[in-house]
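Build the complex from these two chains, which are given one at a time in their own frames, with help from the hints.
One letter stands for each residue in the lines below.
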Amino acid sequence: MFKINNQITRNQYMFIIQNSIIGVGILSLASGVCKVAKQSGWISVLVAGIYPIYICIVAALIYRNTNYNEFLETNKRIWGKFLAYIFTIFFFINFIFFSSFVLSGFANVLVFTTTKFLSPHTIIVITVILTYFTINYGLTNIGRLSELLFYLTILILIIPFYFINKGHITNLLPLFDDVSSIFKAVPETFFAYSGVEISLLIIPYVTDFKKVLSSGVIGSLITIFIYTLTVLLTINYCGHILTSKLQYPLLYLVAGADLPVLSNFEPLFIFLWGNKIFQTLAVGGYGLSYTLSKIIKKSYNRCCLYSCLIIMFVSSMLVPEHTRTMVIDKVEPYLVGFILVYSTLTLILSYFKGGKTFEKN
Amino acid sequence: MKKISLVLLFMLIFTSCYGKPSIERTSVIAGIGHDIDKDKTLSSSFEFIVFKSQNVVDKSVVTTKGKSIFEMFNKRLLITKRRHLPGTVRTLLISEERGKFGISDIIDAFLRDQERNLNTTVAVSKQRTEEILKLNAKDSNTMAEEIEDLIKSSYEANFTQRDTNIKDFFNMYYQEGRHIMLPYIEKYKDTVKLSGIAVFKKDKLIFTIPEEDTKYINLLRNEKAQGYLTFFDENSKSIDLFCNSRRNVKVDINDNKITYNIYLLIYSSVKEANIDDAQELTKDKLIELEEKYSNELTKQLQEIADKYQNKYGTDIFDVQKYAVAKLGRDKIDFIEENFINSNIKISAKIKILSPGRIIR
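If you read the sequences in order, they're chains A and B. The opening position of the first sequence corresponds to residue 1 in our numbering, with each subsequent residue numbered one higher. The opening position of the second sequence corresponds to residue 362 in our numbering, with each subsequent residue numbered one higher.
Same shape as in the complex, but just chain B (with noise of 0.2 Å):
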């Protein structure tokens, strides 16, 4: 027993922990933003919180300039007052033109540094990050926090991404024929709203998806999916149905030229039929409705589709991925490429499993 004690005692005394600032002079960081200013100097916002007092929480901006990121941290602790932890981190903020420059070394600083969390919601925005991390927010203490509960609030519309964590960027931006897509934010009047996907080029953004295209692009996109779509007939009068989509994408290789079939399979019950009052949704009506809308969303999203692939070149609707997996990873220079040369045949098919509580 003695013996045990004494070891006991040995081990209490060797692991305790000493030279670090104690829980009083820590401070919570909820989003940290990346800029770049006019003569390729790095920016970088941090927001964290301030507990003023007995429920009393305040946030605060810093934003320090230099020429690598931890440059930018060491300058950070000769202004602020309190250690901060790297690991509360909820939003990544990547300003537009940051992005246009290169995002490299954030992708490595976030993967390498053991102390960083892996869930941080990963976000692109048309203001610089320090405009947007500066307004007050609304809804939450910061507005890093309300940035991540408007991203992951929206899966339910609009078919928006899932994969918008800091995991999925580091897939989207390290496996091969994929690219990095983003949730694109932008500053709308005192506060922010989600306006299409930016899209990477290796670690270089490219473009943007604008608000009016973004629903079609990510039903196009993603695997699984959920939103509604309008179809209007040609009284004007219109059709609302709420889909859950699932996509299959199957690839042929024929003579050197890929084709990328995209079948996508709606789920929909129908949520508003402002349609002739006298028309009974029964069976048959219903057939009718899903083939007509079916073909008009095929044409639609192919029109699209083409759009982009003529004027970019660049895939953004994930497909590359089943050509590398049919091909081997040693063509992914050939798929790449290629892509531009390459067909993309669009089949939706709409299935109505529900009209709703009223029938006629």
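Bound-form chain A, shown alone (with noise of 0.2 Å):
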């Protein structure tokens, strides 16, 4: 039915990676940093930006070790049969978290700002044909749809430069009034910086191995560059209790930018922002098809029905915002925490177990 192609280019790998960490966390995150770290929240985010970038060192370096196997087969090798299962296992059920706080977000979002007459669930359900028809003919498809839409990720930054001299410095110092909190506030982070695990699926994929790391990190670091900016940007702006008092500290920003001609910025971002969303659905999507296909060992093409039904069912619980925010602040940790651990151990075996190429499909 779908032709299935699943190589990309390293340049797509990198883009993948970039697109897939923003998400809708990028609207709220300045929130939940300023509420523990106060002024120091632009730092934690800094911070936290260790995670994508040892997530996609570890992949590189475990894929490496490995000479590029699949993702099921490199787990065998290193972990045994049955453990291989329960981690594949895992990572379908981390994705399911990832696609569904994502597109539960997105429609609370859209709900909240420009289609309020619209129900939330009408938004998913839409939401989700879309990611069905993407995902089903590949990772190449997606690989495509990043690279497009990565100049977009410029667009969105534009919006907050223009707010670069319209704060005042005052609002950010003293840089370190309390360095613990900076370090307490970084769990908020954890959402806006998930997507990132897909790296640990999709390597093998790539056509050219030889820089895979780098891109990955490159990858990595626009996205904190991003986020760290924004987040900076906006306590600069507004300061750490009226950032931490707003749902979507950058939203506001958005529809405060007094432009000429436009009344109202904030469809237009809106706009461009929700195509990004499509993409990090997608990726999510992918991540669920794929390791759902290696547990049940079903097609590609019919795990994408079943995964895109499971991402339906989950956001439709997730819907009013708050309880979104409570299932995160809940999950999140253990996932992520569960990931180091596991690349952790992961990369330390994989120097003991290496191996020759399998057969890739």
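It is possible that part of the hints are untrue.
Between beta-carbon pairs, the in silico distance windows are [stated by the list, open to error]:
1. B/D694 / A/F271: 42 to 48 Å
2. B/E476 / A/D329: 25 to 31 Å
3. B/T441 / A/F278: 38 to 44 Å
4. B/S366 / A/K81: 44 to 50 Å
5. B/Y589 / A/L262: 33 to 39 Å
6. B/Q488 / A/L155: 44 to 50 Å
7. A/L155 / B/D667: 48 to 54 Å
Covered stretches of chain B, as calculated for chain A (at least 3 residues, CB under 8 Å) [to be verified]:
8. 478-491
9. 527-533
10. 674-686
With the Cβ distance kept under 10 Å, some of the chain B side facing chain A (calculated, not the full set) [said to hold, decoys possible]:
11. V368
12. F371
13. E537
14. E584
Source of the hints: derived by calculation from the structure; they are not laboratory data. Only a predicted model underlies this, so the values are computations on that prediction, with no experimental measurement involved. For glycine and all other residues, C-beta sits at the position ideal for the given N, C-alpha and C.
Laid out in structure tokens, this is it:
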């Protein structure tokens, strides 16, 4: 029915990593970190950037040590058959959460801002249909989409720049009021930085393995830069109290930009940013279908359908924003913690259990 | 192809908007005014545009009373014939009495409601806002637009503050060490004029700065401002300078005593010099004038600063935020309490860049 093609170029890998991290998290990131770290929130965002960089490096090293076999093969080689399936199931659950958080967040933001007359469930259904058609053709399609949408990121970046000289430096000082709170705020950023786990699955499909490590790191660095800059400028303009009160600080900035001709920049921003969400969701859906097809040993296309239904169902349950925030706060630290432990252990073991290449599909 | 067209059809069916009044039944709100009555019931006035026929635009004002902002909104819908869009508000006007009562509910409503515009101008009025909004507008269609124009066009003189937007209003309320300071307007003949600054502490108006001091307070308060300064010599002949001011604040702390050093650097050009005809504005002469007027201005500003510091003990110079940035966020109470005992040192420096078209 659909022709699946999974090969991606190195640049496409970089763009996938960069785009899959930026999702709904960028809108509410400043609020969470300012609540704990006050005016130093942007430093927390910078510090937490270690997470995506670490995952990218570790993923590249694991596959280098094991000769770029597929995810399940590599895991079987390192952990044995039983544990490999357990970890695949864990990644399956991780991607369920990731995709549902993104989709429900997207629906909530749309209902909150531009499409007040729609029910969030309608938005979820329509977005899931789009996601289904996007992921059915395999990773190559997603890679191309990411390449295209990367340039939208630059547009999104321009908006905070409008406020670069509008704030006041006293809002950011003193830089290090309370060092411990900077580290306490790091868990608030986990949702914003999640999505990078896809690199543990897709590296074997990159055509050129030579600079996979640096591509991943560059992709993460771009995202970290965008995150830090938006949070920094938000605090610089609003001050930390107002930032922590707002639900979507970035949207507040966007709505406040006083541009000629346009009465409100917000709908245009939502339109641009919504396209990025479709891409982020496609990455989540791909990870979900990929792991599911490995677990139940069915064709990838069939699994796309199942995974879309799962995403639709789970995200419908997360619809009011406060429910979603509560679930994220509870679930995300465990997911991130588990992935960190898993990747570190796998890296160590991969040095001992290398091997020859298996045949890819 | 069939599938895609089915999907598109499916999306079009679901993405329609219904259950809302059509565009002919909506009206554009230009201004909102908040008042308070004697028995502490709130009162709010809406000024909105009425399209009578082609090219004929009129305005109308509706006032309702109630105990909360949205109770008044409910009552307003019983009177008005059209649906009102709150996203188009140009001016938010708060009367002096309402300011003294407290405006935390207004701040919350404007910040919380997603539909509200974030580029509204905020001002405080001496008279009841109802009275002001009901005046006949001369330059624009509505009074709200006229007040906005009045405030926005006053940047070029009197060193008037530029942070009159509602975003700045929220910032002044929420940032530590700052106070809400808004333009104060009053009825003047059959229109309005800008006549000072209203100073709030937390969410309550505490006093207003009269017109004669406003220029100097603005000069001390604003980071960057523009205006004209006039000096007189012994023969009561005048010299006028057009000035661009830059402010720099340094905070020193010695034995729990805070010293605020305000450095003003004023770049100016001579606009009128009605001094002795024989005198040529050479370099030496300009330096002499610079020094003379710098000292004069410093003295004048120091007097005003001391007067307001001793009289009200409230930071109207927007300098406490520097102390917060230096001492830390948790010292805010200490800074607020000790403002009245702290030293404010002002040094103004005028630099004349150009004598203008004529040099003698």
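task: Using the Cβ atoms, figure out if B/Q488 sits within 44 to 50 Å of A/L155.
output: Taking Cβ atoms as reference, B/Q488 and A/L155 lie about 47 Å apart, which means the hint holds.
task: With 42 to 48 Å as the target window, see if B/D694 and A/F271 comply at their CB atoms.
output: holds, 46 Å
- request: Indicate whether the distance between the beta carbons of B/Y589 and A/L262 respects the range 33 to 39 Å.
  value: Given about 35 Å between the Cβ atoms, the range holds.
- prompt: With 10 Å as the cut and Cβ atoms as the points, is B/F371 at the interface with chain A?
  reply: holds, 8 Å
- prompt: Holds or violated: is the Cβ of B/E584 closer than 10 Å to a Cβ in chain A?
  reply: holds, 8 Å
- prompt: Range hint 25 to 31 Å: satisfied by the CB atoms of B/E476 and A/D329?
  reply: With Cβ atoms ~29 Å apart, the hint holds.
- prompt: Are 3 or more residues of the region 478-491 of chain B near chain A, judged by a Cβ distance of less than 8 Å?
  reply: holds (count 3)
query: Would you say the C-beta atoms of B/T441 and A/F278 sit inside 38 to 44 Å of each other?
result: At 41 Å between Cβs, range holds.
Evaluation of the interface hint that places B/E537 against chain A, nearest CB under 10 Å: holds, 7 Å
query: Per the hint of 48 to 54 Å, is the separation of the Cβ atoms of A/L155 and B/D667 within bounds?
result: holds, 51 Å
- request: Go check the region 674-686 of chain B versus chain A for me, would you? Three or more residues, Cβ under 8 Å, otherwise it fails.
  value: Held - the region 674-686 of chain B has 4 residues with a Cβ nearer than 8 Å to chain A, which meets the minimum of three.
Verdict on chain A covering the region 527-533 of chain B, criterion of 3 CB contacts below 8 Å: It holds, with 3 qualifying residues against the three required.
Checked against the numbered hints above, the structure violates none of them.
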